[in-house]
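**Q** Chains B and U are the protein sequences, given in the same order.
When you number the first sequence by my numbering, it's gap-free, plus one each residue, and the end is 406.
When you number the second sequence by my numbering, it's gap-free, plus one each residue, and the end is 812.
Don't read these hints as lab results, they were simulated from the structure.
Any given hint could be a false lead.
What the hints assert, rightly or not - Between beta-carbon pairs, the in silico distance windows are:
1) U/631 x B/49: 49 to 57 Å
2) B/14 x U/562: 41 to 49 Å
3) B/335 x U/531: 42 to 50 Å
4) U/562 x B/5: 53 to 61 Å
As the list claims (entries may be wrong) - Think about it this way: if two alpha-carbon atoms lie no more than 16 Å apart in a straight line, the pair counts; the simulated EDC-like pairs of lysine to aspartate or glutamate are:
5) U/714 x U/462
6) U/784 x B/67
7) U/810 x U/663
8) B/378 x U/473
9) B/378 x B/338
10) B/404 x B/183
All C-beta atoms in this analysis are idealised placements derived from N, C-alpha and C, irrespective of residue type, glycine included.
Now for the letters of each chain:
Protein chains: 2
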Amino acid sequence: MRSEADLGGRQGRHFRFRNGTMDFNAGWVLGYSQLGGLAPGEVFECFNAIRDGNPDSWVAAFAGMAERQEAAACSQAPAAAARGYLAAAVAARAAWHLIDPANAQAQELHDRLERCFQAFLAATGSRLAAVELNTTVGTLPGYATAPIDAASDAASVWYVVVGGGDTFREDLWFFGGGRALAEGYDVLLVDLPGQGSTPYRGLHFGEATILALRELLVRLRAHRPAARIVLTGFSGGGYFILKALDDPATASIARVEALVASTPVTDIATLLRRGMPAALTSRPHGWRARLLTRVAGRMSPVMATALKKYWWQFGTDDLAELIDLAGQAGVVDVARLDQPLLAIVGESEPTEATRQASEVFADISRRYPASRMVHFAKWTGADAHCQVNNLGLAQDTIMAWLAKVL
Amino acid sequence: MRSEADLGGRQGRHFRFRNGTMDFNAGWVLGYSQLGGLAPGEVFECFNAIRDGNPDSWVAAFAGMAERQEAAACSQAPAAAARGYLAAAVAARAAWHLIDPANAQAQELHDRLERCFQAFLAATGSRLAAVELNTTVGTLPGYATAPIDAASDAASVWYVVVGGGDTFREDLWFFGGGRALAEGYDVLLVDLPGQGSTPYRGLHFGEATILALRELLVRLRAHRPAARIVLTGFSGGGYFILKALDDPATASIARVEALVASTPVTDIATLLRRGMPAALTSRPHGWRARLLTRVAGRMSPVMATALKKYWWQFGTDDLAELIDLAGQAGVVDVARLDQPLLAIVGESEPTEATRQASEVFADISRRYPASRMVHFAKWTGADAHCQVNNLGLAQDTIMAWLAKVL
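All chains should be built: construct the whole structure from the sequences, respecting the hints.
**A** Quick look at the structure:
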């Protein structure tokens, strides 16, 4: 197995595989073990069965683990089963990192992910429950501590988590949802168009992604005038949340109290163009064409599978069109953002991500001096994209900041 | 770096290194990340700096991490510092896996381990505090939720954790102490003669190890007539706790309510003889002699360093004498054990460990049908020695069993 760079500059260390995309996913799955689900021993039980650079062996290892975990959990009392259900959900989710969505097993793994995660919530008596969120662009899958359209005068904190191009709503539990619950906050986790399983519903990334988020924020506020809304975004979510609020009509009604972004992104098209390896962004643009030529050694089966997933999420196999869709809603007008920001950047992320984050922070912190910018150095283990290798530290940092600004 | 077997059969998978002892330690350190301290990203930050089979590079990587974590934690408010202090303690402890105790840095790392762990306890407002436990064989370092000689009529559960040949009292927090605290139990963690830093006090493994444990149990009960005492033992601790209670005078006074052992050991000398690689147990017995000849390729620097640590703990470099000392208190008389037992065995442990555990279980479960034997299969990730790669699952299992038998 020759080594291959990850499809973006997402981490600065080596976990297990010479294939960069597989190794980033490995570090991500391992990172979850800090918060629940699969333990390091279970993660390496899978890693040991994977052939470097072979996505099918990755899927088989994690799919097998998901099946065993669910079968074992099913036969236990709820308290004992909770760990197993979350482990099964994480394993099913991990398999999805490198599956072709057209594979018949993909839908089955997705169903297992949802079923097991929800069994975990039930077994732990969680306040979080699955919700279907109707919007004008389509119905979105989410989790919430209460229906967002139910009126309440409570002054509770609503902690909203928005992921990026590689998240399911269940991931958002690991990206702060679970921690926010433990802090006593109300929580909303949602898959916007293009995210999670929404392509199964015919929804894709594009302007609809932003429109849906704006609608949800306005409705959340409309029914909860006294709540404090914290809007957090990870990866692409760092663009979606800023873009949602640069619309004056949305911002003035939603009155979001605080923004947390890892990383705050103003110009996602430029970030994608500069962050992806030249091998991907050079012509020919058609991914279908590129996949057909991959046997000539231009990309590994891992990269090919990862691209098929994005193609499914964007509804196009043309990279230029994909980047246009990602940036369809336009560059963020930072001057319109009207709340303090916690900007989080990892040392191992691309220069362009740091540049955009610094720009946003410089602007907002002039108006809101409570804003903070945190650079996670490499030695902290939180240096990777979205802090996936030390989510606990990132969440400690977020909660400490919120305790000051809310 | 050629591969080398671990000095005992302790795990059934591969984490990072071809050197077996280094790889077992790697999986152990990574396993702690599930419970707190170093996150996977921080652990791999160290792993990436280690040369396979080179113990000095291991020590340098973790010692450097410990220093950075403590320095960062010192400058933070207590709530934010807690994570960093525990991370520093874990890193200092990790360095100790492969340090020569005669190395000047060893004492310094030990001091950092204690200082940072205690700063973690203080920062989290833990009920646990460092204690010095006087016994007739010497004063032992421990942690307890209350002085064991303070009388109390409370009917609380005392959860006592005893480690083995490779544990410091701080490790015992990860081997159930921290979890027992979270369950609301009272907790006693102690380094018996030979364990942790006790060789610095001139204390070594041998009959004194058992005598000290017996004394402590009798005194704990004497001051707390209404308490329920749960005695747990890991690795060598699985022998110490059984041996402590096969003395009728001790057992009848201490009235321990439940035993948890991973694994229950009756004949530690035989276990050691059968568990160690033939390369170690074959003549010449003198470790000093063996270390002098290691340059001839008979063992790696990792194995040599690991042996120096045991030599320091036993006060002898003669393997035959060491095994005699380990077994000095004799084989356990199982018929005298008078409480239910949870026997835990991992699939990747030596046959002899399983054999002894099964024998103990068969005997005790006839008298105490609430006894259980749990075999952790490989896929559970809890198959290694002491379940170090899935401590959370082991602790869930223990707590679920205690909820039934107490």
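**Q** Does each hint hold? Answer for all of them.
**A** These are the hints, each one checked on the structure:
At about 53 Å, the beta-carbon gap between residue 631 of chain U and residue 49 of chain B stays in the expected band of 49 to 57 Å. Here the CB-CB span from residue 14 of chain B to residue 562 of chain U is close to 47 Å, well matched to the stated 41 to 49 Å. For the hinted restraint 42 to 50 Å between residue 335 of chain B and residue 531 of chain U, the CB-CB distance of approximately 44 Å keeps it satisfied. Between residue 562 of chain U and residue 5 of chain B the CB atoms are about 57 Å apart, so this pair conforms to the stated range of 53 to 61 Å.
The straight-line distance between the Cα atoms of residue 714 of chain U and residue 462 of chain U is roughly 14 Å, inside the 16 Å bound, and the hint therefore holds. About 15 Å separates the Cα atoms of residue 784 of chain U and residue 67 of chain B, which keeps this hinted pair within 16 Å; it holds. Using a Cα cut-off of 16 Å, the hinted pair residue 810 of chain U and residue 663 of chain U holds, with the two alpha carbons roughly 12 Å apart. With a CA separation close to 15 Å, the supplied pair residue 378 of chain B and residue 473 of chain U stays within the 16 Å bound.
The straight-line distance between the Cα atoms of residue 378 of chain B and residue 338 of chain B is roughly 31 Å, outside the 16 Å bound, and the hint therefore fails. Under the criterion of a C-alpha separation no larger than 16 Å, the hint pairing residue 404 of chain B with residue 183 of chain B is consistent with the structure, at around 14 Å.
Hint compliance for this structure: hint 9 alone is broken.
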